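Colleague: Please build the complex by placing chain B on the supplied structure of chain A, with the hints as guidance.
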Amino acid sequence: MTIPAMDNNPLFSHLQCRECGRRYPKDAIHVCEFDFGPLEAAYDYPAIAKAVTRAKIEARPRSMWRYRELLPIEGEPLVGKHTGFTPLVRANRLADRLGVKELYIKNDAVNFPSLSFKDRVVSVALSRAKELGIDTVACASTGNLANAVAAHAASAGLRSFVLIPADLEQSKILNSLVYGTNVIAIDGAYDQVNRLCSEVAGKYGWGFVNVNLRPYYAEGSKTLGFEIVEQLGWKIPRHTVIPMASGSLLTKVNKAYEELGKVGLVAETPYSIYGAQASGCSPISTAIKNNTETVRPVSKPQTIAKSLSIGTPADGYYAIRAMKKTGGTADDCTDEEIISAILLLAETVGIFAETAGGVTLACAQKLIASGAIPRDESIALCITGYGLKTQEAIAEHLGNPSVIKPNLRAFEALLEQPVQSI
Amino acid sequence: MSVPVRIPTPLRKLTQNQEIVEVDGLTIRDVIENLEKSYPGLKERICDEENNIRRFVNVFVNDEDIRFLEDAATQVKPGDEVSIVPAIAGG
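As they're listed, the protein sequences go chains A and B.
Going letter by letter, the first sequence gives residues 1 to 422 in my numbering.
Going letter by letter, the second sequence gives residues 1001 to 1091 in my numbering.
Hints may contain errors.
Dumping the calculated EDC-like pairs for lysine to aspartate or glutamate here, alpha-carbon to alpha-carbon at most 16 Å [said to hold, decoys possible]:
{"no.": "1", "chain 1": "B", "residue 1": "Lys-1013", "chain 2": "A", "residue 2": "Asp-35"}
{"no.": "2", "chain 1": "B", "residue 1": "Lys-1043", "chain 2": "A", "residue 2": "Glu-33"}
{"no.": "3", "chain 1": "A", "residue 1": "Lys-300", "chain 2": "B", "residue 2": "Asp-1063"}
{"no.": "4", "chain 1": "B", "residue 1": "Lys-1013", "chain 2": "A", "residue 2": "Glu-33"}
{"no.": "5", "chain 1": "A", "residue 1": "Lys-203", "chain 2": "B", "residue 2": "Glu-1019"}
{"no.": "6", "chain 1": "A", "residue 1": "Lys-262", "chain 2": "A", "residue 2": "Glu-69"}
{"no.": "7", "chain 1": "A", "residue 1": "Lys-300", "chain 2": "B", "residue 2": "Glu-1064"}
{"no.": "8", "chain 1": "B", "residue 1": "Lys-1043", "chain 2": "A", "residue 2": "Asp-35"}
{"no.": "9", "chain 1": "A", "residue 1": "Lys-325", "chain 2": "A", "residue 2": "Glu-258"}
Per the computed footprint, the stretches of chain B lying under chain A, defined by three or more beta-carbons under 8 Å from a beta-carbon of chain A, are [unchecked claim]:
{"no.": "10", "region": "1004–1010"}
{"no.": "11", "region": "1076–1090"}
In short, the hints are calculated from the structure, not lab data.
On a predicted model such as this, the values are computed, not experimentally measured, just so you know.
Ideal Cβ positions, reconstructed from N, Cα and C, are used throughout, including at glycine.
This is chain A alone, in the form it adopts within the complex (with noise of 0.2 Å):
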């Protein structure tokens, strides 16, 4: 049984039905009873736009929770404090490379703890979990949520089990393993583990971070919307390429954007969202390019990126809406593109990205040459988990260091070889 929280925070005021608006208390539920539609968080604007200034969110702390009254929780922090706040990066060196004249990288590769976006919907996840009197949580996962879950769950004290399909990147498996969590391994694919979970959830009372306490994980994503704006002097990029999994983070920087013009924050000036996703598993995009709303499952991913192999996207067509409206659109690549992605990302900006970075990077390439996205205007890629998460996708494409004798004749004879380059 969970203990209902004291209801302090008149800002967040309930949950809504995102299809036919009926409310609900801000209780560990994440579906309609009328039409299965997800539950959002809702939120009081005209008086979070009186609570909040840019002044007020600059002398916070440089974390996610500087814009804590946009975030649906009834006090404090109770969980994640030092999440967030990860570094924007004017990338010039790439930029030249793509041919285009403004390009900044989000980096949430070192997000902390878990160097992935994944620490921001956790840290939500289990604050709220702990408001609701929740002692144990878990998730599905594909690998980066699991972490996250059991970082932030060993900080906090919480029983966790994790959930995953059997044949995640070692990497995952071991980044999970280490908090001390428990580790469920099934044999299937994100969906199979998914819809067990979706079935478990409620059953013993755990907190499920993105099954029955999705309101509160989903809205955590938001955050590294609001810094991208924040990061950028208080301006919303032109065009922001997300890679998409379930969708849920595109649609939530989406919802960051408005959000911070509602709130009077920033000024409400046009942009365009892109979603990115790998081929071997593109449902959303497959959607887009065939222009419709209708998201038609994959039954068997096929990519390196694991982290994006859901065939089911819950938040799919809301993502596609997303897109549509503002004037984005969606791509994808292929395993070959993702590697190349990667490796040039860490040798024109020094940041090693897992796979999904080289999937976001590859579409966000290819949108450039095709015309979808234009040269001249202010381009922001989010690339969303560290690369020694998944090496054993580029370890083949890597050379070998040089090894040589330890004198100064074999060092100079080593100098004196034609350079190598990738």
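Modeller: Okay, now just chain B, sitting in the frame of chain A:
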């Protein structure tokens, strides 16, 4: 012929809190119609005004999403289990 149907938490108020109910039917369409006869109100939750399964409802026969089979025309036989699962989860 009846098959067990697994009812998701949000709909159990309509099935007197039963997690699994037995329903007759040869296809998913039949099963939904017969669910409505035994538990009035269930169908409008699962299907929209045009009688299509709602966007945010997933129906499985055993381990397979009916969208990979024949949607509502998917046949069921003795020994099968039908699950109704909210689509909004994960990611």
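Colleague: State for each hint whether it applies.
Modeller: Each hint tested on the structure:
Distance check on the hinted pair: B/Lys-1013 and A/Asp-35 sit about 14 Å apart at the alpha-carbon level, within 16 Å; holds. A distance of roughly 13 Å separates the Cα atoms of B/Lys-1043 and A/Glu-33; the hinted pair therefore holds under the 16 Å criterion. Between the alpha carbons of A/Lys-300 and B/Asp-1063 the distance comes to roughly 13 Å, so the proposed pair stays at or under 16 Å and holds. Only pairs whose Cα atoms come within 16 Å are accepted, and B/Lys-1013 paired with A/Glu-33 is accepted, the gap being roughly 9 Å.
Simply put, A/Lys-203 and B/Glu-1019 have alpha-carbon atoms about 10 Å apart, close enough for the 16 Å limit, and the pair holds. Pair hint A/Lys-262 plus A/Glu-69 holds up; C-alpha atoms about 13 Å apart against a cutoff of 16 Å. With a CA separation close to 12 Å, the supplied pair A/Lys-300 and B/Glu-1064 stays within the 16 Å bound. Between B/Lys-1043 and A/Asp-35, the direct Cα distance comes to roughly 10 Å. Compliance with the 16 Å bound is thereby established for this hinted pair.
In summary, the hint linking A/Lys-325 to A/Glu-258 is supported, as the alpha carbons are separated by about 12 Å, within the 16 Å threshold. For the region 1004–1010 of chain B, the stated coverage by chain A is satisfied: 4 residues place a CB nearer than 8 Å to a CB of that chain, which reaches the threshold of 3. Beta-carbon proximity to chain A at under 8 Å applies to 7 residues in the region 1076–1090 of chain B; the threshold of 3 is reached and the given coverage holds.
Hint compliance for this structure: every hint is met.
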